[in-house]
Amino acid sequence: ELSWAQSMLKGAGIEAVIFDTHASLIEGSITAIEKRLMVMDDDYDTSIDILKNAEPLAESSKGVYE
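Going letter by letter, the sequence shown gives residues 682 to 747 in this note's numbering.
Among the hints, erroneous ones may be present.
[Claimed, not checked] Calculated lysine-lysine pairs in the BS3-like style (CA-CA distance at most 30 Å, straight line):
| id | residue 1 | residue 2 |
| --- | --- | --- |
| 1 | K733 | K691 |
| 2 | K716 | K733 |
| 3 | K691 | K716 |
It should be emphasised that the hints constitute simulated quantities derived from the structure, not laboratory data.
Fair warning: this is a prediction, and the values are worked out from it, not measured in the lab.
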């Protein structure tokens with residue numbers, strides 16, 4: 682879902698970077714370190730709006746972007 686969200690934001694001209702990818706892979710499947718999608722402060726509100734209104738994630742991820 683993070684790659685999809687990153688792609689949606691890129692399509693809107695917003696740079697988004699996924700943090701902690703390597704740490705998440707190293708620690709295994711216990712999910713102690715989760716990956717994070719980061720955007721610049723100035724793009725935050727717009728990013729939230731884009732992701733809330735995106736069809737594929739709108740139902741399955743309610744509350745995640747709030």
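Evaluated hints:
1. In summary, the hint linking K733 to K691 is supported, as the alpha carbons are separated by about 15 Å, within the 30 Å threshold.
2. A distance of roughly 19 Å separates the Cα atoms of K716 and K733; the hinted pair therefore holds under the 30 Å criterion.
3. With a CA separation close to 18 Å, the supplied pair K691 and K716 stays within the 30 Å bound.
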